[in-house]
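Start from the sequences, fold in the hints, and give me the full structure.
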Amino acid sequence: MTAPGKPLDRDHGLHLLHEMLRIRRFEEACVELYSATKIRGFLHLYIGEEAVAVGVCEALEPDDAVVATYREHGHALVRGVGAGAVMAEMFGKVEGCSRGRGGSMHLFDAATRLYGGNGIVGGGIPLAGGLALADKLLGRDRITACFFGDGAVAEGEFHESMNLAALWELPVLFCCENNRYAMGTALERHQAQTNLALKASSYAMPAWSVDGMDVLAVEAAARRAVTAVREGGQPLFLELQTYRFRAHSMYDPDLYRTKDEVERWKERDPLVLLTDRMRADGLLDDADLQRLEDDVATEVAAAIDFAERGTLEPVEDLTRFVHSDPPTPPGGTP
Amino acid sequence: MTSAPEVVTLTYREALREGIRDALRRDERVFLMGEDVGPYGGAFGISRGLLEEFGPVRIRDTPLSESAFVGAGIGAALGGMRPIVEVMTVNFSLLALDQILNNAATLLHMSGGLFNVPLVVRMTTGGGRQLAAQHSHSLEGWYAHIPGIRVLAPATLDDARGMLWPALNDPDPVLIFEHGSLFNAKGELPADAGAVDIVHAAVRRSGADVSLITYGGTLPLTLEAAEQLAGEGIDAEVVDLRVLRPLDTPTLLESVSKTHRAVIVDEGWRSGSLSAEISARLAEHAFYDLDAPVARVCRAEVPLPYAAHLEQAALPQADEVVAAAREVVGGHA
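First to last, the sequence lines map onto chains A and B.
Reminder that position 181 of the first sequence reads as 181 in the working numbering, one-by-one numbering, no gaps.
Reminder that position 66 of the second sequence reads as 66 in the working numbering, one-by-one numbering, no gaps.
Don't read these hints as lab results, they were simulated from the structure.
Be aware that one or more of the hints could be misleading.
Simulated coverage check for chain A against chain B, where a stretch passes if three residues somewhere in it have a Cβ under 8 Å from a Cβ of chain B [as the list claims (entries may be wrong)]: (1) 126-140; (2) 146-160; (3) 210-223; (4) 293-304.
None of these values were measured; they are calculated from a predicted model.
C-beta: ideal position from N, C-alpha, C; glycine also.
So, in structure tokens, the structure goes:
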């Protein structure tokens, strides 16, 4: 565990930087591939918010579950879904993690227990409660991390699920990625109470606010939070104050905020913050950085190559996975 | 009825309860959750006594949060449980529509086959009890529009008792619509009654002159209409759809190819309805077998009013079914 102010372990710092860089470079490639029309539909970029997924997921165990939003490339990559499978998904290829049926917004993976990729704001939150309920009923030592944005805090599904999770003492870590905009509507224009942790605390659960641009702060808070959820058997709310550097989606002309505001936030770019900290501590030099960049470039290139070489699902299989094949026998395991 | 050694007399409500009790006994992963399913015993008394027998972990009262608890059912199903979610009535299910449509029905396909949702959602449906516009919907036809879910409408004691267990063993989400007017219907069941088929429609009365096609709450009045028609020399066949999605088209076609005439009785509104879908299928697949246009008896296209005479005027009635059947049979009667 690494808390701000404490000595940072070099290898751990490099690992965190590597993870954030993977997301950053992967998504920068996505932008180019979108322009090249290899990726279509909605594409929501996480650039600027990388410290949140990296810091929180660092605190999770491999068999914990993640429920995320339509801005979930980072969560998928950090949880261990192959970059190739994610890219192939966006290419609409059958080798994609959802066989090309989900696209950018609906990444799923059974091995890493990634339950989407939900395109409806707030729509994944009730699911997280249910996954945690199953763990509780089956006596499993697992938790569910549920990511959503500040926009979701205005949805009824958020409030219903917070209440249910607290009432039933469900092991859910609610992770509010507060990037200050519900699509294009600023926080103070969509929330009467803009202190989201205060709001969440009314559901009788611990709620903390964290600097979501500082991956070390996020990781430290997440580790405490995950321990509290796992050992305390009750939910907890983390507000991660962050910012999206890019537009909401590729369709967004970004008219609702000033360039100055974006530039100010970029001064707190999570990659820059960690890089500066590590350099100041003498834990990182140009050669390290170049090595990380090279590693990531290789991974992204391989992912694109995998997606390019992918195949299209035969149209005859269009209606597969709507209704299942014959029912499992009574008493069968899921 | 079979020739089982022992027969019990019970109501539709009790048959539903026996189905739930049986499922809870058979499989530890099964639990029931919903509004007032615990100490209250269910808004319609269906779960009465189950809390005492199975305890509060498996018989769970929920807050009035349809979206959260239906969504929690989906999540619990994903997590390996076999939840029975009771939504008090179809009217309130609209508050959970996002979860039912965007998650339960969609996850398997959207995940490329990775995640099944073995969830059962039960709810009361229908009008006829002077509960006015917001508590009298028959929206099962709406739900039957959605790919990815199975939609069941038990109209008999056998189905009330026997549809739940196979529904829980379906790897995909199943919605069960229990009609409020049937709860007190009494009849006999073999003591060892169990699971029933949840794939096919059933011919409840065999006949040669006209097919009366219905389901759920309108089955009794349709059978009554068939009896009246018999007195007039018209031999009506009554087909109970049972499964509203996926529709058992072959059974419908088999009946209509025999009778050459069809009347569809559907408590839902006419426009864009299940009755419209069945009409279309008959037109597509049985056009040359039909001797008369398909007729429909549906709910009047109004929000259901409170006053008894207005409500009854808005709902399908046996005499309307008789009149429609006479019309399609025409000079052949």
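We went through each hint and held it up to the structure:
no., hint, verdict
1, 126-140, "holds (count 12)"
2, 146-160, "holds (count 3)"
3, 210-223, "violated (count 0)"
4, 293-304, "violated (count 0)"
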